[in-house]
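Q: Protein chains in written order, with my numbering: chain A, 1 to 101; chain B, 102 to 426.
Derived from the structure by calculation, the hints contain no laboratory data. We treat Cβ as the ideally placed atom computed from N, Cα and C, and that holds for glycine. A portion of the hints provided could be inaccurate.
[Stated by the list, open to error] Now the in silico label distances, taken between C-beta atoms and shown as ranges:
no. : chain 1 : residue 1 : chain 2 : residue 2 : range
1   : B       : D373      : A       : A76       : 43 to 53 Å
2   : A       : D62       : B       : P376      : 25 to 35 Å
3   : A       : T65       : B       : Q238      : 39 to 49 Å
[To be verified] Partial pick of chain A residues on the chain B-facing surface, computed with a CB cut under 8 Å:
no. : residue
4   : S8
5   : V41
6   : M80
7   : V83
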Amino acid sequence: MDTEKGISPRVNSARLANFVGQEIDGSRVTVEASDGGQVNVQALPNTDISETYIEVVGRVQDASTIQMHACINLGANLDMKLVNDTIELIHDPRFYSKIFS
Amino acid sequence: MSLKAYFLLPIYILSEFLFLALTLPSFECSRAVQTPDSGRLHTVESQFLHSRRVNMSQYESNFYGGGGGYLQGGSPFSQSGSPGGVRRTEISNSLRPFTIAQLNKATQAHTDAEWRVDDVEVGQVTVVAQVVTINRQATNCVYLIDDGTGQIEARHWVDSNEDEGSKWGGIQEQRYVRVTGGLKAFGKKRYINTIHIRDVKDPHEIYFHTLETITVSLIHERGPPNQNAQQKADGSGSSMNAYSAQAASGGLSDQFAHLPPLQRAILKFIIDQPPRDEGIHVALIAKAIGASPEDANKIGAALDKLMDEGHVYTTIDDSHFNVSL
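Isolated chain A (complex conformation):
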């Protein structure tokens, strides 16, 4: 459903499973997502992953793998707890359908 709308919600590793086959927007997925879970990323050739924290936009293949479409470097300092709390709020039923989709 979300794929039809062309949206790519931010997720952490735990929420990845809910978006199999859909576009998502994850954070620091190469090794560790914002909730500490492990995510495999199939990176595009020549991807510039130069900083500690990255955001990966891609297609969810299975509950632990993303096919990368784009990668955004987010620098060396990012509060992962804040990121994860924000992601959890985005998926809160009170807000997800009203504000984020």
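Go by the hints and put chain B onto chain A.
A: Frame of chain A; chain B shown alone:
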């Protein structure tokens, strides 16, 4: 008025001829010279003309109907008070954070009406999103931006006098930007008429924006935090603007927290009264807050102090006070 009468009379005589020849078009012609000031004049003239045209009963109602319309301000130009036809509220100057999904879901009653999100009027908008594509043209630049909830175009009209470097603000594809402007629609396509666009330097701003959007949405839904139970019962949260919301709520304790208790009590009392342009009379304040004559002096001194600091101002005379917010 009398000058206008001299001008209008020949025009009217002229239109009288046209009226006989063309009837309806001449009526339109006489409407065109109508001004609100000359409304009464027209009525007098129309009675005069009417008396000469008693036998033309088929035009009577038309003519009188039109004349009555003038008196009631029925002209298409005077009704709305402005050529744009849309009354702008102070919300149109406010700035609110949104997700792109919210902007894409915003509704508009007609093409000139204000935008509404969850039935709350939208003024200026600000979004944080990633630049997908950049389309630079001679006079403007179109950025397609995506914040994960949807996509929208941000159109930025550029000043041709600026040099190349600062003109585009160093915006690059794939980077996060903050875009501020007004929501517009061209046909069915929505875009942000961008006043300001800049790179997001600190990635925390992306998450800050998400949280701020949730916060503001909740404030519109429930009213501001610290709101007391009685005001919640009013259910006025969603329709309040930023000013009245602040005035009606516990905003007092935050904004005036540094003031002495008596000054805060005065401010609270004024704010708690129904809002009136003329403010509150000093006697009412004294009655509500203090009983003895010494208290009255203290209240007077406290009001002076509040006035010196710009928290209150006098209105119709030196005895009426209102709070500056």
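Q: Against each hint, give a clear statement of whether it holds in the structure.
A: Against the structure, the hints:
{"no.": "1", "hint": "B:D373 x A:A76: 43 to 53 Å", "in the structure": "51 Å, holds"}
{"no.": "2", "hint": "A:D62 x B:P376: 25 to 35 Å", "in the structure": "59 Å, violated"}
{"no.": "3", "hint": "A:T65 x B:Q238: 39 to 49 Å", "in the structure": "40 Å, holds"}
{"no.": "4", "hint": "S8", "in the structure": "5 Å, holds"}
{"no.": "5", "hint": "V41", "in the structure": "16 Å, violated"}
{"no.": "6", "hint": "M80", "in the structure": "10 Å, violated"}
{"no.": "7", "hint": "V83", "in the structure": "6 Å, holds"}
When held up to the earlier numbered hints, the structure conflicts with 2, 5, 6 and fits the remainder.
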